[in-house]
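Asks: Below are the chains, spelled out letter by letter.
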Amino acid sequence: MSVYEKFGFPEVTAEAAKGMGLSASEFDGVKKLLGRMPNYIELGVISSMYSEHCSYKSSRIHLAKFPTTAPWVVQGPGENAGIIEVDDEGLCVCFKVESHNHPSFIEPFQGAATGVGGILRDVFTMGARPVAAMNSLRFGKLDKPKNRQIFEGVVAGISHYGNCFGVPTVGGEVYFNSCYDGNPLVNAFALGVVQKENIYLAKAEGLGNPVIYVGAKTGRDGIHGATMASEEFNENSESKRPNVQIGDPFKEKLLLEACLELMKTDYIVGIQDMGAAGLTSSSFEMASKSGSGVRLDLDMVPMREKGMNPYEIMLSESQERMLMVAKKGYEDKVKAIFDKWDLDAVVIGEVTNDGYVRLFWDGEEVAALEAAPLADEAPKYNRPYVRGEYMDELQRLPKVESPSNLQKVLEDLLANETIASKRWVWNQYDHMVRVGTVQLPGSDAAVIRLNESEKGIAISSDCNSRYCLLNPYEGGKAAIAESARNVAVSGARPRAFTNCLNFGNPEKPDIMWQFVSAVEGMAEAAKVLETPAISGNVSLYNETEGKPIHPTPTIVMVGVFDDVTKRIGSYFTSMESAVYLLGENTGYIGGSEYLASVHGYERGDAPEVDLEREKNIIDFMCDAADKRLVKAAHDVSEGGLAVALCEMCFGGENVGVNIKLESGIRSDALLFGENHGRVILEIDVNNAQAITDLAEKYNLPISKIGRTCSGLIEIANKSDKVISAKVADLEKIWKNSIGDRMK
Amino acid sequence: MKAGVVVFPGSNCDHDCYHVLKHVIGAETVFLWHKDTDLQGVDLVVFPGGFSYGDYLRCGAIAKFSPIVSEVIKFAENGGHVLGICNGFQVLTESGLLPGALMRNRGLKFKCEYVNLRVDNSDTPYTNMYADGEVIRIPIAHADGNYYIDEEGMKELEENNQIVFRYCDDNGTAEDDSNPNGSLGNIAGIINKKGNVLGMMPHPERCAEGIMETRDGYFLFESIAKFIGGCK
Numbered sequence: 001m002s003v004y005e006k007f008g009f010p011e012v013t014a015e016a017a018k019g020m021g022l023s024a025s026e027f028d029g030v031k032k033l034l035g036r037m038p039n040y041i042e043l044g045v046i047s048s049m050y051s052e053h054c055s056y057k058s059s060r061i062h063l064a065k066f067p068t069t070a071p072w073v074v075q076g077p078g079e080n081a082g083i084i085e086v087d088d089e090g091l092c093v094c095f096k097v098e099s100h101n102h103p104s105f106i107e108p109f110q111g112a113a114t115g116v117g118g119i120l121r122d123v124f125t126m127g128a129r130p131v132a133a134m135n136s137l138r139f140g141k142l143d144k145p146k147n148r149q150i151f152e153g154v155v156a157g158i159s160h161y162g163n164c165f166g167v168p169t170v171g172g173e174v175y176f177n178s179c180y181d182g183n184p185l186v187n188a189f190a191l192g193v194v195q196k197e198n199i200y201l202a203k204a205e206g207l208g209n210p211v212i213y214v215g216a217k218t219g220r221d222g223i224h225g226a227t228m229a230s231e232e233f234n235e236n237s238e239s240k241r242p243n244v245q246i247g248d249p250f251k252e253k254l255l256l257e258a259c260l261e262l263m264k265t266d267y268i269v270g271i272q273d274m275g276a277a278g279l280t281s282s283s284f285e286m287a288s289k290s291g292s293g294v295r296l297d298l299d300m301v302p303m304r305e306k307g308m309n310p311y312e313i314m315l316s317e318s319q320e321r322m323l324m325v326a327k328k329g330y331e332d333k334v335k336a337i338f339d340k341w342d343l344d345a346v347v348i349g350e351v352t353n354d355g356y357v358r359l360f361w362d363g364e365e366v367a368a369l370e371a372a373p374l375a376d377e378a379p380k381y382n383r384p385y386v387r388g389e390y391m392d393e394l395q396r397l398p399k400v401e402s403p404s405n406l407q408k409v410l411e412d413l414l415a416n417e418t419i420a421s422k423r424w425v426w427n428q429y430d431h432m433v434r435v436g437t438v439q440l441p442g443s444d445a446a447v448i449r450l451n452e453s454e455k456g457i458a459i460s461s462d463c464n465s466r467y468c469l470l471n472p473y474e475g476g477k478a479a480i481a482e483s484a485r486n487v488a489v490s491g492a493r494p495r496a497f498t499n500c501l502n503f504g505n506p507e508k509p510d511i512m513w514q515f516v517s518a519v520e521g522m523a524e525a526a527k528v529l530e531t532p533a534i535s536g537n538v539s540l541y542n543e544t545e546g547k548p549i550h551p552t553p554t555i556v557m558v559g560v561f562d563d564v565t566k567r568i569g570s571y572f573t574s575m576e577s578a579v580y581l582l583g584e585n586t587g588y589i590g591g592s593e594y595l596a597s598v599h600g601y602e603r604g605d606a607p608e609v610d611l612e613r614e615k616n617i618i619d620f621m622c623d624a625a626d627k628r629l630v631k632a633a634h635d636v637s638e639g640g641l642a643v644a645l646c647e648m649c650f651g652g653e654n655v656g657v658n659i660k661l662e663s664g665i666r667s668d669a670l671l672f673g674e675n676h677g678r679v680i681l682e683i684d685v686n687n688a689q690a691i692t693d694l695a696e697k698y699n700l701p702i703s704k705i706g707r708t709c710s711g712l713i714e715i716a717n718k719s720d721k722v723i724s725a726k727v728a729d730l731e732k733i734w735k736n737s738i739g740d741r742m743k
Numbered sequence: 744m745k746a747g748v749v750v751f752p753g754s755n756c757d758h759d760c761y762h763v764l765k766h767v768i769g770a771e772t773v774f775l776w777h778k779d780t781d782l783q784g785v786d787l788v789v790f791p792g793g794f795s796y797g798d799y800l801r802c803g804a805i806a807k808f809s810p811i812v813s814e815v816i817k818f819a820e821n822g823g824h825v826l827g828i829c830n831g832f833q834v835l836t837e838s839g840l841l842p843g844a845l846m847r848n849r850g851l852k853f854k855c856e857y858v859n860l861r862v863d864n865s866d867t868p869y870t871n872m873y874a875d876g877e878v879i880r881i882p883i884a885h886a887d888g889n890y891y892i893d894e895e896g897m898k899e900l901e902e903n904n905q906i907v908f909r910y911c912d913d914n915g916t917a918e919d920d921s922n923p924n925g926s927l928g929n930i931a932g933i934i935n936k937k938g939n940v941l942g943m944m945p946h947p948e949r950c951a952e953g954i955m956e957t958r959d960g961y962f963l964f965e966s967i968a969k970f971i972g973g974c975k
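Protein sequence lines correspond, in order, to chains A and B.
Here the first sequence stands for residues 1 to 743, numbered as in this note's numbering.
Here the second sequence stands for residues 744 to 975, numbered as in this note's numbering.
Extracted from the complex, chain A is given alone in its bound form (with noise of 0.2 Å):
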């Protein structure tokens, strides 16, 4: 009896593959490729390779717009992660940033877990230890019951994964907001260390060379995982539960450790993680990029149900699993070193040249496609976009009067869940194992020290998605800068970064509109920065019953030190030190925290980004940090001037600050104004001639706004005493917002 009979798969019609996801004309154009009708194994696997997650269809002619080379990249987009040199002597860091939204928001837990497990495998795929994780997170307002549902499984699954792993989880950031409502964002990202000449790629080389089946065994769940998240949402959404992947954070660990020791021999030729449409995806990127061919014999694959057939063994998403070609003849020695972590490794194919993956079961060929054709040739759209007419009225700023008591919205602005500390997130990850977290959580940046040496890296996450949504092409420059900013202010230079493009349904015009012109405004900022995309992930169809969330095209970028200890902390450090302003403060508050949370008005176009600017704070951050000039640095964002001052005196010290502005700004617009380009300085007044020099040096205007002092929080405009409060009361309010709501 053939595999077909014995298994009764249904039959092969445009009806099947549009329940897998493929459209009309696509199925047309499978058939044509191949010249005949697929069969139902077959389907399944081009379906998968052909969703959005995995072909990246309407996103691909746009990406390519990214700069993607500097002289300092190893290895730019294409790969499981992007990589770049840290100094001369080979050192590199590898890094990348994943959605896992749609998953996380039918189980928060395993959702957000097996989105870390996955990025960390992307990693120490490439032969790299991990050595810092972060997350960019996205949910509804707390005050809804099931937003905190989420958010509470979203965080414990995190931590239950990264803490067990036992990587840091440094970082982050997270955003409230009513459009994630139906759509939280997880956006999971993972560093690792890697010398030069120790990087592993995806490669399947060898003609007879062995392909070898290594980590946790398969089972159903996550089956056709990458189509679901190609979808929208909608009340049938949480039956799709089962297509959630459980994760064993305590399996990858045992996974990178027998990997790592592996890759210090000379036995394997390539290696690829399962990540996204399991085995399929693994083995044909594999095969394509090497021009080879794979022969799988599927009833080998180490198995955990009973019953299970190639379809579902191809289209599985179990975690913790990892595919590899190793050299004919070293099959035993890479057995061994499994067998020492207590992990499958399992010989079930071979390298073959004609081109093609073929799939056995009990030495019946089941499957047979030709793997360059499906990985490289999955369909490439240029859908129409065009400007919403909605975007007129979302750009005019409304006038709004200004609150009597300036001290009241700081206070609000302060307990605002995106704005109050993230205290009650981050105790709950581990991030200091490794003792390389010279920076703790709350600061800009995070800052690791590598391989314990002087050399180190900065890392920061960034998308106001506010700003996306009133103007994506500056919104798209402001994530680019920001991070950038935040990383420089950390005192390290902006070398390249990762990105996580989550939008709506791209089939929409104005959506698409959204995502192509936030790529483009990231990658003009990219440029003039000189900041590459290494590596990314693009999530669409981010909509729940047609509503979209706003653009969110979440940056992570990464910069380097020759020495940490010239690294910079956000808190004020001393009293009677000078405090400076960098850049102006213009009292510009369209798409500000304060104009959406204190008047109800998500509106007004967003701030404009000048990246030449930018690009001079950059310069000027690391040659001040150089010359360790700063004591504390702080950039100004959501919240505007008064918030970043407050959140300087928040570093557990009591130290406080006296501010004396001297602006014809409206006081609120002064205070919560959100333009670009600030950065607040602590400088040692002994210090004062020398960073107004370094100042006029890159061409920046620089003004004195006052000093530290102790306990209160003081801000006068002219003669007008706006603010004065004490730092713990302040602070008090800061710090437990989070944690009170979510008692």
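Don't read these hints as lab results, they were simulated from the structure.
Note that this is a predicted model, so its numbers are computed, not measured.
Any given hint could turn out to be false.
[What the hints assert, rightly or not] Residues from chain B that keep clear of chain A, each with C-beta distances beyond 12 Å, as calculated: (1) Thr780; (2) Met846; (3) Asn864; (4) Glu895; (5) Gly925; (6) Gly928; (7) Lys937.
[Claimed, not checked] Using C-beta positions, here's what the derived DEER-type ranges look like: (8) B:Gly769 to A:Asp562: 24 to 30 Å; (9) A:Gln149 to B:Arg849: 18 to 24 Å; (10) B:Lys898 to A:Glu653: 37 to 43 Å; (11) B:Gly769 to A:Glu576: 50 to 56 Å; (12) B:Asp920 to A:Glu576: 29 to 35 Å; (13) A:Glu653 to B:Glu894: 40 to 46 Å; (14) A:Pro145 to B:Arg847: 21 to 27 Å; (15) B:Glu877 to A:Met742: 57 to 63 Å.
C-beta: ideal position from N, C-alpha, C; glycine also.
Could you slot chain B onto chain A? The hints should help.
Replies: Okay, now just chain B, sitting in the frame of chain A:
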């Protein structure tokens, strides 16, 4: 001093302890694999933090059946020095080298932060560089650090001066406000009656260098290195 850091599957502070012992303290240091039975002539065995055997069943519960732990138990009985940090402390209570048990934190969540510790006994091989009553800052990172022991056991701990560290406030007062996990008597670390086996939830290896938030953990390693002798 020659030190050995045990590696269980799931240990994740093994490299950190190795780094501090070898590079910061200057002790000859080796890894001890959980399936091995040879302690390689070490003077100090460290059970590091992490999630040994995935913390399945109960933290530290499976580790006690590993070949290496049987050897370490004999080693300790013969007076060898054993330090258990975090998950290592859990292994020590599970394997009976230290009394009491570590339960889920009272807040039910994993907690990672710097805490104050009061040194209640500086007359041990691990704390001789500290002063009695000194307040030090060392980070914790655990979900199961809520120390429990029955009344009789507690009496014994106190009578024998076996409580080495307690969670406290800035002034050294050990009360409920400064208790991060619900531990009985704010206990953060204890030593056995013989004085050769120390278990503690906080991570001294995470603050043993000048670049860290504090350097208070350094002196614990320095204490034991001096006590045993033979380091640079």
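Asks: Hint by hint, note whether the structure agrees.
Replies: Against the structure, the hints come out as follows:
1. Thr780: It holds; B:Thr780 is separated from chain A by about 16 Å at its closest Cβ, greater than 12 Å.
2. Met846: For B:Met846, whose nearest Cβ neighbour in chain A is about 18 Å away, the distance exceeds 12 Å, so it holds.
3. Asn864: Given that every Cβ of chain A is farther than 12 Å from that of B:Asn864, nearest at about 26 Å, it holds.
4. Glu895: The assertion about B:Glu895 holds, with a minimum of 34 Å to chain A.
5. Gly925: With a cut-off of 12 Å, B:Gly925 remains clear of chain A, as the shortest Cβ separation is near 16 Å.
6. Gly928: holds, 23 Å
7. Lys937: holds, 30 Å
8. B:Gly769 to A:Asp562: 24 to 30 Å: About 26 Å separates the Cβ atoms of B:Gly769 and A:Asp562, which means 24 to 30 Å holds.
9. A:Gln149 to B:Arg849: 18 to 24 Å: Holds: the Cβ-Cβ distance is about 22 Å, inside 18 to 24 Å.
10. B:Lys898 to A:Glu653: 37 to 43 Å: Holds: the Cβ-Cβ distance is about 41 Å, inside 37 to 43 Å.
11. B:Gly769 to A:Glu576: 50 to 56 Å: Violated, since B:Gly769 and A:Glu576 (Cβ atoms, about 40 Å apart) do not stay within the stated range.
12. B:Asp920 to A:Glu576: 29 to 35 Å: For B:Asp920 and A:Glu576 the Cβ distance comes to about 32 Å; the hint holds.
13. A:Glu653 to B:Glu894: 40 to 46 Å: holds, 41 Å
14. A:Pro145 to B:Arg847: 21 to 27 Å: 24 Å Cβ-Cβ, so the 21 to 27 Å window holds.
15. B:Glu877 to A:Met742: 57 to 63 Å: Once the Cβ atoms are compared, 35 Å apart, the range 57 to 63 Å for A:Met742 and B:Glu877 is violated.
The structure shown violates the earlier hints numbered 11, 15.
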